[in-house]
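Engineer: One letter stands for each residue in the lines below.
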Amino acid sequence: MPITRRRARGSDRVDLTGFAVAVGADGPVTIAGLSSRGGAVSGVRVVSAPTGIEWIQADEMIVSCGAATPVADLDAALAKHGQCVVLPRSGTVGGALAVGRSDIRRLGYGHLRNSLLQANYVSAAGEIVKAGGPTVKNVSGFDLCRLLVGSRGTIGFIGAVILRTRPLPAASQWFTSARDPWSVLANLYRPVSVLWDGEATWVLLEGHATDIAEQAAKAALQPTDGPPKLPTEATWSMAAADLRSLVGSTGFVAEIGVGVVHHTKPAPERTVPPASLALHARLKHQFDPSGRLNPGIDVLGVR
Amino acid sequence: MTPLVHDLVDDLGDAIGTDRVRVGSAELSLYRRDASNFVGNAAIVCFPLTTAEVQAVIRACVQHGRPWVARGSGTGLAGGATPLDGAVVISLAKMNRILSVDPDSRLAWVEPGVLNLDLTKAVQHHGLHFAPDPSSQQSCTIGGNVANNAGGPHCLADGVTSAHVLAMEVVLPEGDIITIGGEDADPLGFDLRGCFVGSEGMFGIATKVCVRLTQTPPTIRTMLLDYDSVEDGAATVSAIIADGMVPAALEMMDALCTRAVEEYIHAGLPMDAAAILLVEVAGLAHSVENEVQRIIAIGTANRARSVRVAKDEVERALLWKGRKSAFGAIARIKPNYYLHDTVVPRRKLPEVLNKVYEIANRHDLLVMNVFHAGDGNLHPLLVFDKREPGIMDRVLAAGDEIVRVSVAAGGVLSGEHGIGLEKRDYMPLMFDPADLAAQAAMRAAFDPTGLANPTKVLPSPAACGDAHHAPEGAWI
Numbered sequence: 000m001p002i003t004r005r006r007a008r009g010s011d012r013v014d015l016t017g018f019a020v021a022v023g024a025d026g027p028v029t030i031a032g033l034s035s036r037g038g039a040v041s042g043v044r045v046v047s048a049p050t051g052i053e054w055i056q057a058d059e060m061i062v063s064c065g066a067a068t069p070v071a072d073l074d075a076a077l078a079k080h081g082q083c084v085v086l087p088r089s090g091t092v093g094g095a096l097a098v099g100r101s102d103i104r105r106l107g108y109g110h111l112r113n114s115l116l117q118a119n120y121v122s123a124a125g126e127i128v129k130a131g132g133p134t135v136k137n138v139s140g141f142d143l144c145r146l147l148v149g150s151r152g153t154i155g156f157i158g159a160v161i162l163r164t165r166p167l168p169a170a171s172q173w174f175t176s177a178r179d180p181w182s183v184l185a186n187l188y189r190p191v192s193v194l195w196d197g198e199a200t201w202v203l204l205e206g207h208a209t210d211i212a213e214q215a216a217k218a219a220l221q222p223t224d225g226p227p228k229l230p231t232e233a234t235w236s237m238a239a240a241d242l243r244s245l246v247g248s249t250g251f252v253a254e255i256g257v258g259v260v261h262h263t264k265p266a267p268e269r270t271v272p273p274a275s276l277a278l279h280a281r282l283k284h285q286f287d288p289s290g291r292l293n294p295g296i297d298v299l300g301v302r
Numbered sequence: 000m001t002p003l004v005h006d007l008v009d010d011l012g013d014a015i016g017t018d019r020v021r022v023g024s025a026e027l028s029l030y031r032r033d034a035s036n037f038v039g040n041a042a043i044v045c046f047p048l049t050t051a052e053v054q055a056v057i058r059a060c061v062q063h064g065r066p067w068v069a070r071g072s073g074t075g076l077a078g079g080a081t082p083l084d085g086a087v088v089i090s091l092a093k094m095n096r097i098l099s100v101d102p103d104s105r106l107a108w109v110e111p112g113v114l115n116l117d118l119t120k121a122v123q124h125h126g127l128h129f130a131p132d133p134s135s136q137q138s139c140t141i142g143g144n145v146a147n148n149a150g151g152p153h154c155l156a157d158g159v160t161s162a163h164v165l166a167m168e169v170v171l172p173e174g175d176i177i178t179i180g181g182e183d184a185d186p187l188g189f190d191l192r193g194c195f196v197g198s199e200g201m202f203g204i205a206t207k208v209c210v211r212l213t214q215t216p217p218t219i220r221t222m223l224l225d226y227d228s229v230e231d232g233a234a235t236v237s238a239i240i241a242d243g244m245v246p247a248a249l250e251m252m253d254a255l256c257t258r259a260v261e262e263y264i265h266a267g268l269p270m271d272a273a274a275i276l277l278v279e280v281a282g283l284a285h286s287v288e289n290e291v292q293r294i295i296a297i298g299t300a301n302r303a304r305s306v307r308v309a310k311d312e313v314e315r316a317l318l319w320k321g322r323k324s325a326f327g328a329i330a331r332i333k334p335n336y337y338l339h340d341t342v343v344p345r346r347k348l349p350e351v352l353n354k355v356y357e358i359a360n361r362h363d364l365l366v367m368n369v370f371h372a373g374d375g376n377l378h379p380l381l382v383f384d385k386r387e388p389g390i391m392d393r394v395l396a397a398g399d400e401i402v403r404v405s406v407a408a409g410g411v412l413s414g415e416h417g418i419g420l421e422k423r424d425y426m427p428l429m430f431d432p433a434d435l436a437a438q439a440a441m442r443a444a445f446d447p448t449g450l451a452n453p454t455k456v457l458p459s460p461a462a463c464g465d466a467h468h469a470p471e472g473a474w475i
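Protein chains in written order, with numbering that gives the first Met the number 0: chain A, 0 to 302; chain B, 0 to 475.
Chain A on its own, in the form it takes in the complex (with noise of 0.2 Å):
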């Protein structure tokens, strides 16, 4: 028997057939969601993708939305499911992926990377291009979806996702410590979130009330409304281990055993080896040849 094509485009999915007419295959674009990550480039033609839940699938742990969904929406109506997803709650799901920056639950969470399943995209050449696949399981061909993530519309205009969602948890409670936070993390099991401004340390976690309480005792922890307020200024990229590099020094809230830093200074200089360098102008050339997706956006620029 023959491979045939598989069903029509659009029968499973959001119908992006005409968010790829309006990003065409000729000329600048730009994909604006609801700007809280830097909005679209300034001076070229905007687009936006769809918005929408397609569906829920709760006893599947997935959902399918319009890349321009906000998030918040998103967790709104999952929550009606008691599930949500790992993506920063603010602006668009595709801004957030298309960012690739985790929130603060990222200790507990994982790296919303992870989340994405499938990814339907318009290319630089205009076509609907699907990445990756429903299922929760898949490792069928290469990972177009982590590519995506992180690329900030320079690889492709994401315009329809399949999440893979997760349970809220029964119970949830900030917790605060004077002790130093490697000890307050070595003494618990898979907290979802270690906070540290240099003074304080703050724990988030969640599960069974009862282990929550069990923990926080164990730990000495303190009950607290909420995690500390986060620079906003610069956020720092270090490798958990440097942290401790930031003993003695304020203006910082540090992710524990992440190596997220929200800081108010600038963050330090990185370099990008050559031959790095070179692999990202070539997946850049064959993605988008003439540069006409996201125009000055440089994914080895960002600090």
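Keep in mind the hints are simulated off the structure, nothing from the lab. Source: prediction; values computed, not measured.
Cut-off 35 Å, straight-line C-alpha distance, at most; resulting in silico cross-link-like pairs (DSBU-like, lysine-lysine):
| # | chain 1 | residue 1 | chain 2 | residue 2 |
| --- | --- | --- | --- | --- |
| 1 | A | Lys228 | A | Lys79 |
| 2 | B | Lys385 | B | Lys333 |
| 3 | A | Lys217 | B | Lys310 |
| 4 | B | Lys207 | A | Lys283 |
| 5 | B | Lys385 | B | Lys320 |
| 6 | A | Lys264 | A | Lys228 |
| 7 | A | Lys264 | B | Lys207 |
| 8 | B | Lys333 | B | Lys120 |
| 9 | B | Lys320 | B | Lys207 |
| 10 | B | Lys354 | B | Lys320 |
| 11 | B | Lys120 | B | Lys93 |
| 12 | A | Lys217 | B | Lys120 |
The following label-pair restraints were derived from C-beta to C-beta distances:
| # | chain 1 | residue 1 | chain 2 | residue 2 | range |
| --- | --- | --- | --- | --- | --- |
| 13 | B | Arg96 | A | Lys217 | 33 to 39 Å |
| 14 | B | Ile219 | A | Asp179 | 27 to 33 Å |
| 15 | A | Arg36 | B | Arg96 | 40 to 46 Å |
| 16 | B | Asp399 | A | Ala78 | 42 to 48 Å |
| 17 | A | Asp241 | B | Ile176 | 19 to 25 Å |
| 18 | B | His124 | A | Lys217 | 16 to 22 Å |
| 19 | B | Ala396 | A | Gly17 | 41 to 47 Å |
| 20 | A | Trp54 | B | Asp6 | 55 to 61 Å |
| 21 | B | Ala407 | A | Ala78 | 29 to 35 Å |
| 22 | A | Ser35 | B | Ala300 | 42 to 48 Å |
| 23 | B | Asn360 | A | Thr16 | 38 to 44 Å |
| 24 | B | His124 | A | Glu213 | 21 to 27 Å |
| 25 | A | Ser35 | B | Lys120 | 41 to 47 Å |
| 26 | B | His124 | A | Gly290 | 51 to 57 Å |
Here are some, though not all, of the chain A residues that point toward chain B, as calculated from beta-carbon distances under 8 Å:
| # | residue |
| --- | --- |
| 27 | Gly81 |
| 28 | Ala130 |
| 29 | Gly132 |
| 30 | Pro133 |
| 31 | Val135 |
| 32 | Ser139 |
| 33 | Gly140 |
| 34 | Phe141 |
| 35 | Leu146 |
| 36 | Ser236 |
| 37 | Met237 |
| 38 | Ala239 |
| 39 | Val259 |
| 40 | Ser275 |
We treat Cβ as the ideally placed atom computed from N, Cα and C, and that holds for glycine.
Use these hints to put chain B onto chain A, whose structure you have.
Structural biologist: Below, chain B alone, put in the same frame as chain A:
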């Protein structure tokens, strides 16, 4: 040996020493295949010990225009490490050192030839483990896990290999050495690390891998539920997930498999059950006990005939021994098997399983099912005696239909074995030409030479219409 190969052997010998460049026919025959049914032919097998030696080998191959195939333990089931067209096999088995372990940051740097289970054994005294646990974990390598984005029963809760790799030192197919990913939280640029994991040896060779280590849960409870119908077992699986639980493992065996295993290891499995579920929950004590009670209630509501909760580690090990002994048990029934690997939506498990039984019956084959039900990852095992005339044609025809019904049910071609040669020509079932062109573009960016394990994963345009096309240079 042709003069062309002879020249390459000389260059490889100069690069890494003649004692680690092998061309003897007996040795080459050992590297003609992986654990799949695809057999190729290798021109040379070499055993580098360092990143510099891997680089030298790749450069020599490029200089001679010779394809090369990286290989770990050769446990892959899709032909990904089968050498075609007289390729050079680059064995990473001797690069097997655990380079460093940082228990505070919960990561380790290892060489690609480290065995999966050896890594967990080396870090378990820190209360840590490496989460991916494919059934071959005693013999498969971390490098192979990276190449195939390996899974295993406990990846339901913790994710497959990609979620547990932070960084890699890689020799690219043009010979450059780069570090992709990083220990830092958000390395600059594209997620090259994520692109590389699961690339089946076609993007380069990882010579050092930085893996994330996972805290070992303080409390683990393992349950066995048995049913009069596969449908009731599958309904239990969906109900557990819909109730907001993600167990550490959620495995199913059907009647034939259960009987074969029980007769083999005598674990007290119910011989008359149509299906059994092995459910493991792990974490903190109160959460675990709460989930045990909820799962018992859900199982009972879905007509579980009995629920057995392992009372101690000995009983837990016995239940897992049952799950992990399926292959040994099957060998007592028939000498050969073909293990398939597809994923379907959980809700489609009964429908697809019934079709699998129907397909096997129609082809007069025995099929057993033992699989990761929690993520819908089916593993139909066609068991047979290959000495029976015409049997391989029936096995392949049945397998072809199993793949098609899985994809038609909204599933995917592979959950953990990869595409390799086995499913290469099925890729158009899942992907349109534009989708495949995008994957080919990724490959072209990583490997402009086209010499890194060529002709795997992506179908050639000529092969797209013929699922029965045997890859050139291979036989089954």
